[in-house]
Structure formats: C-alpha cells, structure tokens
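Number of protein chains: 2
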Amino acid sequence: MFLPFFGRKPRLTEAQRGRLQALEGSDSAELAAELLRGPTALLQLTLPEARQVVSYMLPMRIPEGNTFIRQGDRQSTDFMVLVLEGEVTVDTIVVSRTQPMVVNVLGKGSLIGEMGLLDGEPRAASCTASSPLTCAILTRRALEELLIDDPQTTAKLMLAVSIRIAQRMRDTSDKLKRYAQLTQTMQHEINRLLPS
Amino acid sequence: MFLPFFGRKPRLTEAQRGRLQALEGSDSAELAAELLRGPTALLQLTLPEARQVVSYMLPMRIPEGNTFIRQGDRQSTDFMVLVLEGEVTVDTIVVSRTQPMVVNVLGKGSLIGEMGLLDGEPRAASCTASSPLTCAILTRRALEELLIDDPQTTAKLMLAVSIRIAQRMRDTSDKLKRYAQLTQTMQHEINRLLPS
Chain A
1 MFLPFFGRKP
11 RLTEAQRGRL
21 QALEGSDSAE
31 LAAELLRGPT
41 ALLQLTLPEA
51 RQVVSYMLPM
61 RIPEGNTFIR
71 QGDRQSTDFM
81 VLVLEGEVTV
91 DTIVVSRTQP
101 MVVNVLGKGS
111 LIGEMGLLDG
121 EPRAASCTAS
131 SPLTCAILTR
141 RALEELLIDD
151 PQTTAKLMLA
161 VSIRIAQRMR
171 DTSDKLKRYA
181 QLTQTMQHEI
191 NRLLPS
Chain B
197 MFLPFFGRKP
207 RLTEAQRGRL
217 QALEGSDSAE
227 LAAELLRGPT
237 ALLQLTLPEA
247 RQVVSYMLPM
257 RIPEGNTFIR
267 QGDRQSTDFM
277 VLVLEGEVTV
287 DTIVVSRTQP
297 MVVNVLGKGS
307 LIGEMGLLDG
317 EPRAASCTAS
327 SPLTCAILTR
337 RALEELLIDD
347 PQTTAKLMLA
357 VSIRIAQRMR
367 DTSDKLKRYA
377 QLTQTMQHEI
387 NRLLPS
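The listed protein sequences correspond, in order, to chains A and B.
According to our numbering, the stretch in the first sequence is residues 1 to 196, in order.
According to our numbering, the stretch in the second sequence is residues 197 to 392, in order.
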C-alpha cells in the first residue's frame, strides 16, 4: 500500500502510476526506499519520494565473486548501485603494487558508483560481491527520466547523493591528514637514522 | 536581458520575476550564472537556469585577510560561496602542528563550503580571502525556497554541486593512494637503516 502524496507533488502520469503499482507488496522495494532515505535530516526524501525513486530503479542479484565495477572502466559509468543485502569489497590498484589493496567493505544501505553516474569519469576503484548481493540499480537514463517526471524528488535524491559523497570526502580528508602527519614522523625517523 | 525560458519551466511567480529583474544589467550576476554552470556536460544547468539560481544568491564582498569559514565551526554551516573574483586560501590544522597547513588555493569559479551547506557538519577547513573577494552566497534557506519554487533547476544545481564534490573526492583519493605508496617506501627505508 502506498501512502498518498502530500504537498506539491505533480500529478502522476499513467506510466508513473504503473511503476509504483509494480512495486506494491515488494519487500525489497520497501527496503530500498528506506535505505535510500539515509540518515540525514536536512531536506530529506520522504518515504513516498524514496518509493518514487525506487520505482525508477532495477532490482538485481549479483552472484558472489562477481566484479561489477572495474577500476579504470570508461564505458560502464552510467549507473549506481544501492546495496540491499550482502557485502561488497572495494579495492584499488596502486601504481607500485601488483596486488590490489582493499580500501573498503560496504554493506546494506551503501551507495556504490554514484560518482561515475554523475560525472561519467572512469571508475576509481573495483567493486566485487564478497557475498551474494541483492541490489537496486539506477541508470543515468532513469535519472534523466525521473528529472523530467518528478524534479522535486530528483532534487532531494541528488541532495541525498551529494551528502553521501560529502561524508566520504570528509572521511578521506581525515585519512589524508593522518597520512600527512605519519610521513612527517617517518621523515624525522629517517633523518635520525641517517649517518651524519 | 534575459532569454525566454524553454521547455518544462514552471510559470514564474511575481516574487521570482522580481528576483530575476533585480539581476538585469548586473555583470556579476551574469558572471555568477556562467561560473555556476561549470564544465560538466551531463544534465547541465542551462544559462537561464543558472541565472535563476543566481537570483536566489546574495552578492557579497569580502575584504582581504578575512577568514569567512573556520575549521571546526558548527554554527555557520548553512551557506556556500561561489567565488566571482579573487583568491581564497584553504588551510587546515593537523593535530600534531600548531601552524595551519595550506591545502589549497582557490580562484574564480570555485565553490566553497558546499559540503557544510548540504550536511550541516562542522567545517572541515578554514577559508581566508587572500585578496579582496567578490562572491555570491547561497544559504540553505534560499536553497529550500528554490527547491519549492523551481525543483527542476534545484535538481540540476544539486547535480552540479555533487559533481564538484565528486571531482574533489577523486583528487583526494589519488593523493591518498600516493601517500599510501610513500609511507610504504619510507617504511622500507627505515627498515634498511635500522641496526639489525
């Protein structure tokens, strides 16, 4: 059952009503809507808006071991993945190494590949299902449709997505500060050990 | 002179027409609109849409030496700044240091403080005008008004903002990879130098 839409919702088209009806009774669609809303309080997606977004997403299962995003890929940059169940290993190959370095393990509620969806740049890391995955995919095409059909929900979705990127950006900046500090300490150590 | 609005533009309210009229003949408003559009091609803001955003922004001059964003500030997190003219020094205080470390110098076209605007988290770095600045400010309040008045433009603005954050995120990730590599090399050097 869907709650009625409040406020300034544009009238739904036949196609949109169809999309939403297709979700009815789907537990994973409901889970996707809840996960999409995320933890932020500013201008948050309402649950009906989140359901609206989900109606533009494709449900997908990815088997364990499948690498569904590859570092450096310039072709498949037009989708993002919302993880509903399962775990994803994110790894990256640093120039000096031959073995990839695991940089993150992501679970339920994580958004993956949203930077590529937005800017179309080559993928920055590889993502592999480390357990069987259930997820929902939003393609750039679907995002463009959503933008035309329901701009207010798209605005709030974009806001939610940028908040997630911003939070990752804050984490990465913190790591960078710690590395800057660490290399400074190591440099002192090297200077101390060097024969004078 | 403003170009007519094309496509699915909602009808402008009296207040919106007033906002746009107030910009007419302003070179800095025109510059702000052009800078806001940025370099990205995907779902880009049109020039009329960018002008629409600018009509919700406040023009501001900041004197040289003024620190208008302070690292750790939890109160003034509800605005972002588009630099129209001048230069901004971004610095951050790392735990081990007493002197701030300059992390970036930003000029014309840079967007500053957009992460705070979006997530309301404490400011991650300090920003100081290193020359007299002309800029345009968007407050969260104005963003909320824009979202109600023109959701499609807001959606495209949010997209443009998230693309900028994503690009900074890519740069920061690259730096992090280089640091990871550097500390590894330094660790080898320390091991080599340590008396066995």
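No lab work stands behind these hints: they were computed from the structure.
Just to be clear, a hint being listed does not mean it is correct.
[As the list claims (entries may be wrong)] Beta-carbon label-pair distances, calculated as ranges:
#1 A/T13 - B/V301: 45 to 51 Å
#2 B/G268 - A/T13: 44 to 50 Å
#3 A/G120 - B/G268: 32 to 38 Å
The structure presented is a predicted model; accordingly, all values stated were derived computationally and were not measured.
Ideal Cβ positions, reconstructed from N, Cα and C, are used throughout, including at glycine.
Status of each hint after checking the structure:
{"no.": "1", "hint": "A/T13 - B/V301: 45 to 51 Å", "verdict": "holds, 49 Å"}
{"no.": "2", "hint": "B/G268 - A/T13: 44 to 50 Å", "verdict": "holds, 48 Å"}
{"no.": "3", "hint": "A/G120 - B/G268: 32 to 38 Å", "verdict": "holds, 35 Å"}
Figure legend: structure checked against the earlier numbered hints; every hint is met.
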